[in-house]
Amino acid sequence: MGVTYICQWKQPEGQNIQQSIEQISSCVEKLGAKKAGLFQVECESFNAPNAPNAKTLHLIYDSEFPASRFALFEEGSFLVTDVMLSAFLSKLRAVWQPKKGGKIDCKGQRYELGDFLIKLGVVSVGASAKGISVELEYAPCVYARDCWGMMSEMLQSIIGEQAPPSLPSNLQPKGTERFSPELTMQQYVEMFNNIRKTVVAR
Amino acid sequence: MVEPANYQPLSGEIPSNVNVQEYFLQGSILDANADKLKQRLQGLCDNVPPEPFTDHEQIYFLKNATSMLPIIVKACKSLAKPSTPWQIKYVGATEVGEHNKPTMIRSCVTVAVSNDPAQFLDNLGFSLQSEVILKGYFYRKGRLQITVSKISVPPTATCDTSKLEASASSHLVEVNTTASPRDETAGDEVKNFCQLLRPAIVLNKVDHRKLQQWQ
Amino acid sequence: MTMQGPEGKALEGSVDSLITRSKDVQKSLQDFLHKIEQEHATLTWPSVLDNFALLSGQISSLLTAMKSDKTPPLRNYPVVPLKLSQDEDPHLLRLTDGRVSVMSHAEVPDYLRTKPDPEVELAEKQLIAEVGTQADQISMNQVNQFNKQCNKILEKIKNARANWRADVIQSSSTPVTHNPMATNELIATVNYGRGIKANSNQSLGTTSVVL
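In order, the protein sequence lines correspond to chains H, X and R. Each residue of the first sequence is one higher than the one before, counting from 1 in the UniProt record's numbering. Each residue of the second sequence is one higher than the one before, counting from 1 in the UniProt record's numbering. Each residue of the third sequence is one higher than the one before, counting from 1 in the UniProt record's numbering.
Chain H with its partners taken away, still in its complex shape (with noise of 0.2 Å):
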């Protein structure tokens, strides 16, 4: 896989989620990409009540990797399994359980443009969406210094002044190292985390 960027499109006033999806899916077209299919990326939080100093753990499923679970810990590290992931830690319940209204999932349609791979997708939790995600992927390159200049000539074309200007922070460490699916759902999980934050803000 190759350099990713994820970010979360604040839609314009006065439009709700079905008007501005529609009309960042016909500005993606209109760019000449083509759809390719749907996407979907579940997250779902487990915490260990009982334990002080325990992280939030976040188990992620990403239809781009079917065969994979990904293991985020908050501020922890980060393992890639597979499907036996939920199957193991729900023999764990009885430290590690299921965080109250922690799971939110992220599905859209995957666009193909090129080398570029382009992503929208609603984020919803539970049945009521809450944002609008934006992800681009350059497959070719594996160093996100190389290639980010591409990559933000495109995304101000999809999502105009919200791009970026430079390699954002999260991506710089990795600048010089292979990018690694860890990078993108760390990326999620910052996102998802945001979206909660202005939920529990309203």
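Think of the hints as simulated: they come from the structure by calculation, not from any bench. Hints may contain errors.
List of simulated lysine-lysine pairs, BS3-like, C-alpha gap at most 30 Å [stated by the list, open to error]:
no.: 1; chain 1: H; residue 1: K91; chain 2: R; residue 2: K197
no.: 2; chain 1: H; residue 1: K91; chain 2: X; residue 2: K81
no.: 3; chain 1: X; residue 1: K63; chain 2: H; residue 2: K91
no.: 4; chain 1: X; residue 1: K135; chain 2: H; residue 2: K91
no.: 5; chain 1: R; residue 1: K197; chain 2: X; residue 2: K63
no.: 6; chain 1: H; residue 1: K91; chain 2: X; residue 2: K210
no.: 7; chain 1: X; residue 1: K63; chain 2: H; residue 2: K103
no.: 8; chain 1: R; residue 1: K115; chain 2: R; residue 2: K83
no.: 9; chain 1: X; residue 1: K150; chain 2: R; residue 2: K197
no.: 10; chain 1: H; residue 1: K35; chain 2: H; residue 2: K103
no.: 11; chain 1: X; residue 1: K210; chain 2: R; residue 2: K197
FRET-style restraints, in silico, Cβ to Cβ [unchecked claim]:
no.: 12; chain 1: X; residue 1: P199; chain 2: R; residue 2: Q142; range: 48 to 56 Å
no.: 13; chain 1: R; residue 1: N199; chain 2: H; residue 2: E190; range: 34 to 42 Å
no.: 14; chain 1: X; residue 1: V48; chain 2: R; residue 2: V176; range: 27 to 35 Å
no.: 15; chain 1: H; residue 1: N53; chain 2: R; residue 2: N199; range: 19 to 27 Å
Ideal placement from N, C-alpha and C gives every residue a C-beta, glycine not left out.
With chain H's structure known, arrange chains X and R on it following the hints.
Then chains X and R, alone, in the frame of chain H:
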């Protein structure tokens, strides 16, 4: 080409019976007789060469507020084939069962992981108890798996030789199969196979509760 | 009848039970006879055997009652006829259900007999004498010899058993192939980490193998 015996493909689909149980019987055999046992196994098992394996197993405990016994997870890495992913395996409590149950039963969930799960397990609250290296041969017959192995101590662990005197000159033999709890025949299959190994080795149910207290 | 109290009661009781049991025997006999007369065409051997078995059981219970400890020795109470006549006695007829009508000099010896006929008695005595004159010596010898043989056989068996035990201890035919202590140790080590303590700050996934 026949797949190597311990090849576990990363399953793309979650198997329908997530609640998997292991039916097994264990025993030991003196080193001197181990060769005879291996010959017999080669005759009885599927027609593939026995698979040599060297596994580094680590045992992690998670103290549990609700029960006396800790939750046990084993992390296993193949030293013979470094490209095989690590496996972490949750093992439930071993049930010896009543006299009419042919084998011991415990639930188990095996997850393949990409790299060393030590930090992951540490974040979950597990602490490393002990580690052991198992080197031996792996046979299979249908869905039965048979391992004949010798244990040794990895250089990173300290060993209490007084507790391991007798096991220094014996191989550990285990016959097991995994099946759903509703499967009645799995235990009988294991038991029938073990009968074929007599009198070279007698595999029986072992009371794990007593062994757990000898920490 | 003048009798001592408790003995009289015991006698009455035992006589009553004897009467009951003989009535049972009588009834089964009657039924059996009736069966043979009426159903002889459809009679099967097993059902006949059943009847015989029933009779046999009842007779044996009768004999048991007679031998029982509660029965006073009946031989101490002979039945003596006080009055004999050749006329029909309706009372007797009624008592015996129409079978015995007259109690006369001819019937008394048969019905109230306590000893067998003199000829029969003589023959019996002769027979007993014949059998009994077997020399005591011969029979004693035979008994002694039999005892000796039995003892010899017992000795042989005991010796054989002792020898077999000694053999087993000396050389067992099945060699020992496993050490149960080792089994327990191995399983405890592999499953629960007994005997091996991991150092907590080691690097994991070591590549060196110790054998």
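To see whether the hints hold, each was checked on the structure:
A threshold of 30 Å between alpha carbons decides the hint, and for H/K91 with R/K197 the separation of about 25 Å falls inside it, so the pair holds. A C-alpha spacing of about 29 Å is found between H/K91 and X/K81, which places the hinted pair at or below 30 Å, so the restraint holds. Among the hinted pairs, X/K63 with H/K91 is consistent with the structure: their alpha-carbon atoms are about 14 Å apart, no more than 30 Å. The suggested pairing of X/K135 with H/K91 holds, with an alpha-carbon distance near 29 Å, which does not exceed 30 Å.
For the hint pairing R/K197 with X/K63, the CA-to-CA distance comes to about 17 Å; that is within 30 Å, so the pair holds. For a cut-off of 30 Å, the pair hint linking H/K91 to X/K210 stands: about 24 Å separates their Cα positions. Under the criterion of a C-alpha separation no larger than 30 Å, the hint pairing X/K63 with H/K103 is consistent with the structure, at around 27 Å. Proposed proximity of R/K115 and R/K83 is supported: the alpha carbons are some 21 Å apart, at most 30 Å.
With a CA separation close to 18 Å, the supplied pair X/K150 and R/K197 stays within the 30 Å bound. The straight-line distance between the Cα atoms of H/K35 and H/K103 is roughly 27 Å, inside the 30 Å bound, and the hint therefore holds. Restraint check for X/K210 and R/K197: the C-alpha separation of about 20 Å stays at or below 30 Å, so the hint holds. Between X/P199 and R/Q142 the beta carbons are some 52 Å apart, a value that agrees with the proposed interval 48 to 56 Å.
A beta carbon spacing of about 36 Å between R/N199 and H/E190 agrees with the range 34 to 42 Å that was offered as a hint. X/V48 and R/V176 have their C-beta atoms about 32 Å apart, which keeps the hinted 27 to 35 Å range intact. The supplied range of 19 to 27 Å is met by H/N53 and R/N199, whose beta-carbon atoms lie about 23 Å from each other.
Every hint, counting from the list given before, is met by this structure.
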